[in-house]
Amino acid sequence: MIFGSFAEQPVEQVIGAIARRSGRLQVWQTASHCTDHFELQLEQGCLRSLVVNGLPVHEEHHARSVILELFASRTGIFQFCLAPAKASESAYRLPIGTLVPGVNVEPRPRSAPSIGQRLRQALRRLPPLRQAA
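Mapping to full-length UniProt numbering: the sequence shown position 78 is 78, numbers consecutive.
Treat the hints with care, as some may be off.
Distance windows between CB atoms, simulated [claimed, not checked]:
| hint | residue 1 | residue 2 | range |
| --- | --- | --- | --- |
| 1 | Asp36 | Pro113 | 45 to 53 Å |
| 2 | Ala72 | Met1 | 49 to 57 Å |
| 3 | Ala7 | Cys81 | 17 to 25 Å |
No lab work stands behind these hints, which were simulated from the structure alone.
All values reported here derive from a predicted model rather than from experimental measurement.
Ideal Cβ positions, reconstructed from N, Cα and C, are used throughout, including at glycine.
With these hints in hand, go ahead and build the complete structure from the sequences.
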């Protein structure tokens, strides 16, 4: 779990640290909104869902504007907990780097195939064995 205040830790630093992880970021007491609680579900560099005061934000364009305003205020207390994204909560897939200016989040590179995977691929390419008469 990571927690703190955006007054003490810049938004860009916090988002950069958690952006490649999957989990739930909660933000309270923001100056830019009359709302008290934001809940963001992140999955490997993407915003998957947004809940404002217990109500889900379904439209991607609305989620984008709420997030831009939230982080532009640079105020609030946050908490981040690691957790896998739930399929039922995934409304969209917005790269978090495009929502927070100054944060560059590259997708994780795909790992190279293991030796076992390469061997299975090579065996599939071989012609079938012929039976002796």
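- Given the range 17 to 25 Å, decide if the beta-carbon distance of alanine 7 to cysteine 81 lies inside it. The hinted range 17 to 25 Å holds for alanine 7 and cysteine 81, with Cβ atoms some 21 Å apart.
Supplied distance hint 49 to 57 Å, evaluated on CB atoms of alanine 72 and methionine 1: Cβ of alanine 72 to Cβ of methionine 1: about 25 Å, so the range 49 to 57 Å is violated.
message: If I claimed the Cβ atoms of aspartate 36 and proline 113 lie 45 to 53 Å apart, would that claim hold in this structure?
response: Once the Cβ atoms are compared, 48 Å apart, the range 45 to 53 Å for proline 113 and aspartate 36 holds.
The structure is inconsistent with hint 2 alone, although it conforms to all the rest.
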